[in-house]
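A.B. asks: The chain contents come next:
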Amino acid sequence: MQIEARLKEMGTELPPAVTPVANYVPAVRTGNLVFLSGHGPFKEDGSLITGKVGADLTVEQGYEAARRIAIGLLGSLKAEIVDLDRVKRVVKLLGLVNCTPEFADQPKVINGASDFLVEVFGEKGKHARSAVGTNALPFNIAVEIEMIVAVED
Amino acid sequence: MQIEARLKEMGTELPPAVTPVANYVPAVRTGNLVFLSGHGPFKEDGSLITGKVGADLTVEQGYEAARRIAIGLLGSLKAEIVDLDRVKRVVKLLGLVNCTPEFADQPKVINGASDFLVEVFGEKGKHARSAVGTNALPFNIAVEIEMIVAVED
Amino acid sequence: MQIEARLKEMGTELPPAVTPVANYVPAVRTGNLVFLSGHGPFKEDGSLITGKVGADLTVEQGYEAARRIAIGLLGSLKAEIVDLDRVKRVVKLLGLVNCTPEFADQPKVINGASDFLVEVFGEKGKHARSAVGTNALPFNIAVEIEMIVAVED
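Residue numbers (this note's numbering), protein chains in the order written: chain F, 1 to 153; chain D, 1 to 153; chain E, 1 to 153.
Hints may be right or wrong, so weigh each one.
Identical chains share a label here; the pair holds if one copy fits it or two copies do between them.
[As the list claims (entries may be wrong)] Derived BS3-like pairs: lysine-lysine, alpha-carbon spacing no greater than 27 Å straight-line:
1) 108 - 43
2) 126 - 88
3) 88 - 124
Read the hints as simulated data drawn from the structure, not as lab findings.
On a predicted model such as this, the values are computed, not experimentally measured, just so you know.
I would like the entire structure built from these sequences, with the hints used as guidance.
C.D. replies: Right under this line is the structure:
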């Protein structure tokens, strides 16, 4: 349980898997890949971080939202694979930032998730990634991120 | 042909695979995974459902568009794998809703596809998913959805 | 080195892999799949093609941007797999066009990448694809494309 120990050391508590708001599931494993649903940013009190980055939120607040999402993604991943030490590689993130048309710092926002994953998993946490903008997200959340992870047999 | 029988029972007729508008294909199989191209919402008469949800279309009309897309996706999937009973799991959807910046009910729209897939495939139809907004889609279609499916060897 | 010869014949010089602007990598291989990060359009002089298609750029300029991205994606792919002849299939593209809400020709833009890939790889280059719009991209780049490729063992 090295990864769990690392999270504890970082003072990070994983939430349970998100409860999907509809007819789908937080994660699907197929072969060695786990595909995780798009997750939103929940604060520790369970409320959502909402608003458009560039108007309602700063880059720093967007970064924190992305970090919170990464924590939630690990919560859903743990519910799926039980032991996070079975993670072989974080493969890919697609991060969408709810923002104004002028906003151009999506990478700095999604870094909140990328930095967290590398902090937790080290080299195994280094992933491919796309960071893009969008005009609207569910419940007006600030950021949404989906993830693909490769796990041991 | 249990899935085909189920579709018949539901009164659903699958269209042939979509004809891509350019130098690409509706679906690519690699190993046990089939990656399906982003599909748009075709009505039964072959015309497209267009407009922005939140302005030109209601959530209910968006839901119906997403359901029509799911039918089209199964049409393209059948063209690729011939027998839909070979579906092992619907793995992942990425659904994009053409909408206004204020619109925040993307999940309720993409449910049109998710509900249909679970209606058809049952537990095997439960997928990971991202439902997001966008300011613009090809031909001003209301919704676009891409899908990943795991199939038997 | 047939693919490299083909690129030379086409007068195309591959750049080195992109240098990610943060804590992630240009490409991750897992099993037979290579997931490539979202890439932006670099001109031959190393500067970025920026602006919104439909306002600042024409469809033709967007097409050229998508073609430049495809060249960059192959540069990053070569850095990962060394020999491009090991490409078994270009599996999937997700192409996002930075555009106005009225713009509806995203497919014509992303064709710049699709046409290039088919020109280089022939049948193996035919991929599944989604071409969508977005209100904003990093550094205001005109287009961003991510890619999945299947490679030989």
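A.B. asks: A separate judgement is required for each hint: does it hold in the structure or not?
C.D. replies: Hints versus structure:
1. 108 - 43: both (19 Å within a copy, 23 Å between copies)
2. 126 - 88: Both, since 11 Å and 25 Å are each at most 27 Å.
3. 88 - 124: both (6 Å within a copy, 26 Å between copies)
In this structure, every one of the numbered hints holds.
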